[in-house]
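Chemist: Residue numbers (our numbering), protein chains in the order written: chain Y, 1 to 113; chain L, 1 to 111.
Everything labelled a hint here was simulated from the structure, so no lab data went into it. Glycine included, each C-beta is placed from N, C-alpha and C at the ideal position.
Residues from chain Y shown here face chain L by an in silico Cβ test under 10 Å; the list is partial:
id	residue
1	Tyr-35
2	Tyr-50
3	Gly-107
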Amino acid sequence: DVKVTQSSRYLVKRTGEKVFLECVQDMDHENMFWYRQDPGLGLRLIYFSYDVKMKEKGDIPEGYSVSREKKERFSLILESASTNQTSMYLCASSSSTYYQPQHFGDGTRLSIL
Amino acid sequence: AQRVTQPEKLLSVFKGAPVELKCNYSYSGSPELFWYVQYSRQRLQLLLRHISRESIKGFTADLNKGETSFHLKKPFAQEEDSAMYYCALFNYGGATNKLIFGTGTLLAVQP
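Given these sequences and hints, build the entire structure.
Modeler: Set out below in structure tokens:
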């Protein structure tokens, strides 16, 4: 069974801090994704990566960056956290084979004070 | 533009009643669609995909290309079906494959 692990379930940070969210998958998937999930807005794609050191912007990349130094690990970075980045963050991975589903982690609920 | 629309934010039904969660899509190619479910305090997980033509937990979904719909149906709702449901469209982009999600529908099954 695919396992996508996010480093924290809950995180509280202060405005202006640099925040790191970590995600690890164990299925050798090529693709990895970061979403934020907000009530009424569904899942919005922040960034994704289809290979080591490769990244592409999603729909809402502003204020975020990512890092993928190893195939199994995909990090989301909030360069200078702001209160409007308080949200649930979901990491997902998938095979690059056509029409394969994404597998999600448990999510990190991030609060920026 | 590719888009997924779930018109209902909340759907409340009684136990034993039929359920239909609506999903409409806009896509220029041949669509491939999924339904995902998120139970309370659990991770988002795949419920079913149209290409499999399967029934999972009593749910089915038929792709209707004429109406550009992929509605999720269950003849008799159970309390344990209460969850957030997302419809998603597979977007093949060559180098990577993305999913376009709808905004979700919260299903509440009353006893």
